[in-house]
Every structure is written in C-alpha cells, then in structure tokens.
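Note that the protein sequences, when read in sequence, are chains A and B.
Residues in the first sequence are numbered consecutively from 1, following my numbering.
Residues in the second sequence are numbered consecutively from 1, following my numbering.
Derived from the structure by calculation, the hints contain no laboratory data.
Some hints here could point you the wrong way.
For identical chains, the list gives no copy identity; a pair is met inside one copy or between any two copies.
Unchecked claim - Here are the simulated lysine to aspartate or glutamate pairs, EDC-like style, with alpha carbons at most 16 Å apart: (1) Lys594 / Glu361; (2) Lys125 / Glu208; (3) Lys539 / Asp190; (4) Lys125 / Asp53.
There are 2 protein chains.
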Amino acid sequence: MNKWIPPVAGLAAGILAATLVFGGGGPRTEQTATSTAKNTNAEKVYVPFGEKDEYYLMASGGHSGQMFVYGVPSMRKIRTIPVFSPDSATGYGYDEHSKKMLGDFTWGDLHHPAISETKGEYDGKYLFATDVANSRAAVVNLETFTTRDIINVPNTSGPHCAAFVTENTEYMFLPTRFAVPIGSEYASLDDYSEKYRGVMSAVTFDQEKEKLNVAYQVALPPWSYDLSDAGKGMSSDWAVMTTYNTEEATTNLEINASQADRDYIVLFNWKELEKMIQDGKYDEVTGQKMIFPEKHKGGIYLVPVAKSPHGVDVTPDGTRFIASGKLAPAMTVFSFEKAFEAVKKGDFEGERNGIPVLKYESVMEREVNPENALGPLHTQFDDKGMALTTMFISSEIVKWDPNTGETLDRVAVQYSPGHAAAAEGDTASPDGKYIVALNKLAKDTYLSVGPSHPESMQLIDLAGKKMEVIQSAPVDPEPHYAQMIKADKIKTISVYDIDKKNPDAISSNEDARIERKGNEVHVYGTAMRSKFTFDAKAKRPDVIEVNQGDKVYIHLTNIDLDQDITHGFGINKYDLNMEVQPGQTNTLVFTADKAGTFPLYCTNFCSALHQEMSGYLLVKPK
Amino acid sequence: MNKWIPPVAGLAAGILAATLVFGGGGPRTEQTATSTAKNTNAEKVYVPFGEKDEYYLMASGGHSGQMFVYGVPSMRKIRTIPVFSPDSATGYGYDEHSKKMLGDFTWGDLHHPAISETKGEYDGKYLFATDVANSRAAVVNLETFTTRDIINVPNTSGPHCAAFVTENTEYMFLPTRFAVPIGSEYASLDDYSEKYRGVMSAVTFDQEKEKLNVAYQVALPPWSYDLSDAGKGMSSDWAVMTTYNTEEATTNLEINASQADRDYIVLFNWKELEKMIQDGKYDEVTGQKMIFPEKHKGGIYLVPVAKSPHGVDVTPDGTRFIASGKLAPAMTVFSFEKAFEAVKKGDFEGERNGIPVLKYESVMEREVNPENALGPLHTQFDDKGMALTTMFISSEIVKWDPNTGETLDRVAVQYSPGHAAAAEGDTASPDGKYIVALNKLAKDTYLSVGPSHPESMQLIDLAGKKMEVIQSAPVDPEPHYAQMIKADKIKTISVYDIDKKNPDAISSNEDARIERKGNEVHVYGTAMRSKFTFDAKAKRPDVIEVNQGDKVYIHLTNIDLDQDITHGFGINKYDLNMEVQPGQTNTLVFTADKAGTFPLYCTNFCSALHQEMSGYLLVKPK
C-alpha cells in the first residue's frame, strides 16, 4: 500500500505542485460540452422564484464559530445560525439567554455538525456542534434554527473529532485533538507521556429540557484524536476514531508526529462503557466519572492503521469502517465482523498504553489505492453504498466500490477538498443525488477580495453517468464539515406563541409598564409595527427614563404575530442590541452607567414607518 | 399629487394587504415562458468555473455591522468584510490594530456604503461606511478588502443618512437620524425644540495616511435626517438631504411625525460652508468647529417636499434631485437650476429654525405618480438617465422618465424593496445592465429557517425589452444599501510584502525569538506550512512558556508568500484568535492570568499537515 509517501520536508511544495497539476482539469471542458435547455448545469442549479431547494446543507462555519445553512442545488446561503460567537446581526450574545450560554467566550471554532438521528436516519429535529477553540458543545433546535444550549466540556482541549451521534442520538462522542494534563493544569512537556491525556467525553441530550450533559469520560492516551463515526445496524453499539501523534511528540508535529508507520483506529463499544459506569468501574475526576482504560479493562480496542489517518467513516450498512491515510495514498477498509471476532477470541498483538491492540491483518479487509489519487481524507456514500472519497492533494473526489476496491469514477474539484457532504450521506440510506466538496483553497475561482480568498464549496451531480461539478459557491471562513438533509424533514414554526407562563412576557400594549425596585428598573414592553411601548400610561410610552447607576432590565415582547416580522432593539452608543422574533420575549440587562440622552430604535426594517420606530433612553446624571 | 395617503392607523394592515396583492405576480410566469439554451434566466446568472462575475456588489450588512461582497450576475456572496463588529472568523477585533479601531463597541449597524469617486465615477480604491448604532465612520481599502480606520463621530447620534461622497471624494456628509442634545448630555424631552439638535458632520479622508477626520459640523434643527446625496457636474458643490419629523415630535413618531403635509429637503453648498469655516464663521463646540445656521447665515436652504420623504437622489447629469414620498405616493423632481436661481434672487417663503425656505413651486419641476405604485423610497438610474424607483408597499420597481414623468416599465419584486443598487448606479454614467432590489421581506421565497426569515436580494435584468427578475438571493440581516461596481475597477493585491520597517515583523524562521522585559514577554514568531516558530533556538520552537501574570505580546508574521495561504492563530480556552494573511504581521496582546496548559493551533486549514500545525502556551502558576 505504501506506493506513495512524500518526503516530509518536501511536502508543502508537493502539495502545491500536485494541486497545480491535478486541480485545473475536468469540469470546465465538460460544462461547455453539454447545453440542451434543461440539462445545462445552469438549469440544474437554478431554483426560480416560486420553487424551493430540495435539500438543506448544514455547514459548519469553522472559526466563525457559527453554522451556515445553504439550499441545495442552488447553493444559496439562507442563514447564519449564531452558535459559539456573538452575532451583532441578531443580538445573539447580548440578550440574557444567549449571553449566559456564551459565558466569557467571544469566539469559537465549529468543526463538525451532526443532525440528530432516529434509527440511523436524520430526523431533522436538532443539530449538534462542538467548538475546538474553547472546548464546548452546543445544540440547535431546527424548529426555530436557534441555539438552545451550550456546555463547557471539562477536562478536554479541542473536541475536534465530534459531534457524531449514535443511531438514535443516545450519545455524541467528543474526543479531543489536543492532549493536556487532565483539568488543563500546568505540566512540563517533558512529562507529556505521563501527565497528558486525550479525554473523550460521552455527551447525552435531554430533548424535553433541551439540555446537554456529560455522561462520562474516558482518559485515553496522549494522542491526537482526529475524526470519529458511530456504528450502524450490526455495529450500532460501537464507534470508531482515528488517532495521530501516537509517537507522543511534543514539538514540530509536522515531522515528529509523522514517524511511525502505523497509528491506530480506536474502536469502542459504548454500551459496554455505559455498563462499566453503571458498575462503578471509573474514577471520579474533577466531578466527572472517568474511565481509565489501563485500569478498567474492556470495551476499548486499538486497530493499527496507515500512518496519520484523518477520516474514518462507517459504511451505510454498518458492516465496515474506512480509514483514509492523510500521509498514505490509500483508503483501508476494515470489517466490523472481523473486529468483533478478533475481540471475542482475544486475538491481540499486545497492548499499547494498557489498551489491547488488534492485529491489522485480522481486521483489515482491503487496501484501496486509486492511481495517482493523493491525500485521501474523508469518505461519504451514495445510494448504492459506493464510497466517495476526497483527495486533498490531487484535488478530486474518487468514487470506488468498498466491496471490490474498484475505482468507478473521478471528478476534479477546485481545490484541495477537506470533507465532503453527500445527500443524507451519514445516514443508513444515502440519497445518492448530490455531493458537496468543501474545498480549502479557492485560488482564482472568484472575483478577488485581496490576499485572503474565500473558501469554496462545489456541488457535484451524482445522478448522471459521470460525476460532474455543476456549481461553485464561495464561502466565508470556514465550512469544515456539513450534512445534507432532505428539506421536507425539517419542520419549522413560523411564529412563536407568546409564552403566557413567562413572567417577562406581555401580550398587549396596555400591559406595558415600568416597575422600579430600589435601583433596579424593570421594563415590560412591546414591539409592534411601528412603535415600542414601554409604559402604556406614560406621557411618552416609548421613552425609558432611569437614574445613572440603575440596573435596567428590558423585557421586550414582539406582539406582531405575522410571519417574518422580526423587530430589533438597539440603544445608541450603549452598545446594546437584541432581536425579538414574532411572538418572542427577550431580555436585555445592563447598568446605566453613562448619563445622557440615548436614542433607541428598531434595527430590523419592519414597515414603511420603520424609521419612526424609535424612542429614547434618558439617563439622569447622579 | 395626494391621490393616496393611507390613514396612519391602518398602515400596518395596509402594507401587508398591498404586498399580498401586488407582490406575487410577474416574474414567475415570465421565467417559465422563455427557455432557449442561452437566454434562460438560469444561463444569465450562471458563472461557470473558469469565468468571473462582471460586477462587485458592495452591500451593507446592516445590523451585522459588516460589509457583504457579492458577485453579479451570479449573486454569490464572496466575502464578509468585518467593519464595525468583531469577527471570530478572521480575528478582527482581537489583534491590536483592529481591537483599537473597535474600541469598546461590539456591534454596529452599517447602513449606507459608498465607493470612493474620481470625477463622479467609482474609482474602486476605497469604501466608506457609517454606523447608526454607535455613531462611527469607517474606511475599507479595496486593495486588501480590510478596514483601515474607524472614527467616533462626536456630537451626533446615528449617522444614518451617510456615507455619500462628493464627486472627487472631497467629503462625506454624515447627518443624523436622531436628534440629541449636543454632546448627548441629559435633557428632558420637554425641552426638545430648544436643546436637541440634528448635527451633520463633514468628514474628509487622507488617502496617504488612510485616516478619516471630522472637518466641521453643522448644528441643524432637531429633525430626523434620512438620506442624502451629493451633487454632480453643475451641482457638484451642492448636496441634498431629506428630513422627517419637522413636527419635532418626541413620542409615537409613527403618528406624530406624520402630521405635517410638508417636510423639507435640506439643500446646502459645501464649498460655501467650507469657506465659512475658513472665515471663522463657526462656534467651537466640544472641540469641533460647528456652524449654527441661525447665527451664521448662508449656504443652507430648505426645499418643501411631500410629507416624510425617505430617499433623495441626484440624477447622473447632476441637473435634478428626486425625492420619494414614504407617506405620499409620488416622486417629486426638483431642478437644481431653479433652486440656484431662487437662491440667487432670495426668493424665499420665509425661514424655519433660522434657515431660509425656498418656495416649493419655484424649485419643483414635476410630481410623478405611477398608477397604484405605493411607497416610493429610492431611485437609481440606468444608462439613458431613466429613473428606477423602489416601491416598498406595492413591492415593485418602476422605471420612469424624469424628463416627462412617463412610466416606462414595472417589475414585481418579492417583497417590500428598500434600496436598490444599479450597475454603477450612483455615478455620473450608470451602466444600465442590472439593478439589484434589496428586499426587506422574503416571506416564503426560500426554505424556511424558522420565525426569522432571511432578507432577500433580487437581480433584475435591465438589458431586455422588459425588466425581469432573474435571480433571488437570500441574505443575512441586513443589506440596507449597496453599490455595484465594474469588476475591473478593483485592483487587489495577492500577498502582502513583509514590512521590513515594522519592528514586529520577521522574515525567516531563524529570526524567531522570545524576549523578556520584566514581566513583559515579546514573541516574534512565524507561521509557515505547517508549523509555528516562536523561538528558533529553543528545544521546542513551537511552544511559548510564560509566568502567570505576564503581559504577553505575540507578533506573528506569515512567511508563506503564496496566494491564498492564510494562517490563523488560536489559543485554546484563552479566547484569543487572529489571522495572518500571506506576508502580513499581526499582534495579539494579553495578560496570562490563567495558569495551565493551553494548546495553540492554526485555525485556517492550510495544508495536508494543517492539523499538525499546533503547539502550546504553558503558563506557570505563580
């Protein structure tokens, strides 16, 4: 399998040369070749007014910290969902609910989104995400496309290889890219192998309360965990993760973490781990139940794999997992059945860091190495179970048969694809219609916007005889991974019911009032085209007057129960901002520390008299 | 002209009814009617790989605080330029330069962008913008698409009706939407007419230093200034602004600011104002040179106009200005020539707040009222000087002839357009090819993303016999105004030259070093595929070790001088984040107040070994 392993020192140059050689080809000529009215690529991606896109693409926004929602096939971006970073546009991070969720963090790095699943199919209810930057996990409700809960994941640093959910969303597993001493306390890197750990967290979600919870953790060796996938069908109690830096290098990883010929796939049985927790086979560490595999044996195994793998993906039928070799040109197909047998028989080649190591030969089914296909990273699947693997270095997607290893088709993409997202691609029954390549480099694809170029997503039509790039969409940094779900699976609400149980909500202008309690001022107000009412009985109902130093609570309910009539609320120079969607109540809390006259206004254009939807915050000096 | 003035109380319902009645029509049927291969709307907006868009659309991001850059005709969003709000994706607001520019503000409301002009034509060099939320002005360099300067505009509150530049970018005029006491000190609204003012700021830009400056200010009456435009050609020394709330109402503006049958256009000669400043005809107020028109006469006049106008737009030939009546169904065409004559003759009907009022009849040329066209807001122009006016309430764009008032064409848009942006539309020579309608409501146009819908921009083809909507693009909140510039006018750079004069920059790994001065630690490091080098001589060159409480300066230079190879730099759990574009040096400054082990990593996927581009910040406890 080791036909091509680049000399590490020359790798950077190699990548560039490879993209230049392989990147520019295919689609351009093919696009000009076909052009009957309804079969042009233009027609294929055009969704005229009155029609809707067929799929939602839920793309991570990478270091924007947010989620990006696209329509497919138009590749139009419909929405940014703020998740891990504040958002000026929607007041996310300003109103009390979102401010508390964000805590002290002002940015995030959202890598892998996962739609909730029922019986191995996307159910369209929730979307999970993790933050590599500040080690958090979040959940987005897909009735409203709003973030409902964020938790800090303790004892971990950079839960990169998450969130992937089990078949019925029992768990998300969050292993970490960076090893740190448990609890992140200071420890010299000379003590790396003894004191550092890569901790995996098993996170559950309570749908009723819309709350995430760390159920338990596993103290893995101090390696980097890159990607993971949950089993399906016959493998549904299991999950797999790739590792790199099993060398336990502490500097210059580019070279030092690329030494060993083999790293590992971590294979674990989460039902067994769950049982170990029930049986008390764990230690209590900083308030968490933590399994130390060298101490509490069972449930976790290592499978040797070609050096520094990146992706690992379970086939839709759940019988195999496929690892892609970042530094090896091959995809390796492993058999769950073989692995289970080897585990059953105790057929190990030894232990590493206290974890049994299965024999490569007894789990591996096939090594697949399409000619000149370089830098395989991630694999998705079509409706026939065929594999679609991104090639970062040779800038293409290769379609191949996991049953035979045969290469079926190839398509050039522009340039350097990381992940790809096929229609219903992570489910037990992919649709096979489209795949989107999430390319890391755009180079000269779009109008230039200076030294920093956009990323680029490309839509590939899988329905024809040959795969074909039919649309290119520039993207803000950085769509890292995405899932594509059939549009009719998402059931949104169009307005909120005014929450009568919420003491902060009011449902008519007459109830608007300002209550003072000592130096606290509580405003119960409404937004309705085209005015704010804070105090129904006042001479000026749209004015809030307070004393300097008062703590001010502004509870605002949007009583415009019309589709698409969102109101905003901003206070000039006070750096305050929130939105209220139709029927929603939101709260801003601040201390009126600056005396003076501060206009307040609706930030969301709502009617012909939107400009008139303003008032004043008057802060009397001390 | 007053054929249709809605009863104010029923206005909200009226708007909805009107959009329902007028909004759904035209384009859908027309789109399905035509379909020969190259003439379909799909073909018209499709830009295949290997080709580029013809125009840049520079759209304001409204309350996102940012600028959005689109390609036309594809309507693909290429870039978000962070301006008034921090940006997790690019580290804007974290590195020292952008952090200082943003000051204490964390959100903005960017309303009207303006491209710099030379001889009345967009010159593609700079882009100006103002912030309604926190009263700021900014400038973006279009070689790099980065924000270079932001100023707080003193004595003002909400510079909404800006930025529009004069013919050679001599000035931007920033009048304010909200009246406040000068300096924003506290004053009762009972004293509104005496103590409140709407202040207009004349801002200049020094290209060499890339610095904005408030040249002088004018203390206008306490009205709301809505939009402005600068003169051209024969009117190039002049500018116009619309007003509302000349009633000086202090509450419930929806009704109280809509009482008077006439508001005003403020017409002023900026050369004369400049001369008044030179002649000392101003007061010094809070450090600013301020003209009080009731005291220092000359240069400013009022032109009566139909109640509560919104937009005012100067024709490409500079001979006329057109006001659009938000609460009147008519566009009013005024003649600069007539206005100049009246000013010369002193033909006034009196004064208002010390400013001479011209006679409506002696300046007005024509009232134009296309049948059933409701809610005219803003006017752009085509290559033949024909006017294109958005109708907010009847949801359409009407093409009409300013010379005759004749209605030439109409096209339905979905729904409620605010501004529109024509190709080179604000210049002395519009291109006439496209206009983009910036719609405030999308309703059911796109896949639903919950109660809050995207905004919607629609591309209209002006080249055919009839105007036709050829593409709809959903938009994050909220593109308020945009300018469309021919792509070849923008000359970007592709990498930065490493700035040898910058003491923080280094150009090779060997120069990487960490210098300690007392409890200050200065890191001079590099980013290069696929590693960070902070200290060339250290055992671990990619590790920064400091003591708890140290003040840490990290100067990072991207020495990868390859197109599109941007590196990011994030520190886990420390909430720190910046980017370095190729050749760029950037600085992060922070106090290492948390002891422990914190992974640092490249946030911008840069190579096959990007995952390996990481290191550690070790903070030794006190």
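**OP:** Give the relationship of Lys594 and Glu361 under a CA distance limit of 16 Å: within one copy only, between copies only, both, or neither.
**Re:** neither (71 Å within a copy, 47 Å between copies)
**OP:** Evaluate Lys125 and Asp53 at a C-alpha cut-off of 16 Å and name the case that applies: within, between, both or neither.
**Re:** Answer is neither: 19 Å inside a copy and 38 Å across each miss the 16 Å cutoff.
Subject >> Homo-oligomer pair classification [Glu208, Lys125; C-alpha up to 16 Å] >> reply: within (12 Å within a copy, 54 Å between copies)
Original post:
How would you label the pair Lys539, Asp190 (within, between, both, or neither) given a Cα cut-off of 16 Å?
Top reply: between (71 Å within a copy, 11 Å between copies)
This entry does not satisfy hints 1 and 4, going by the numbered hints stated previously.
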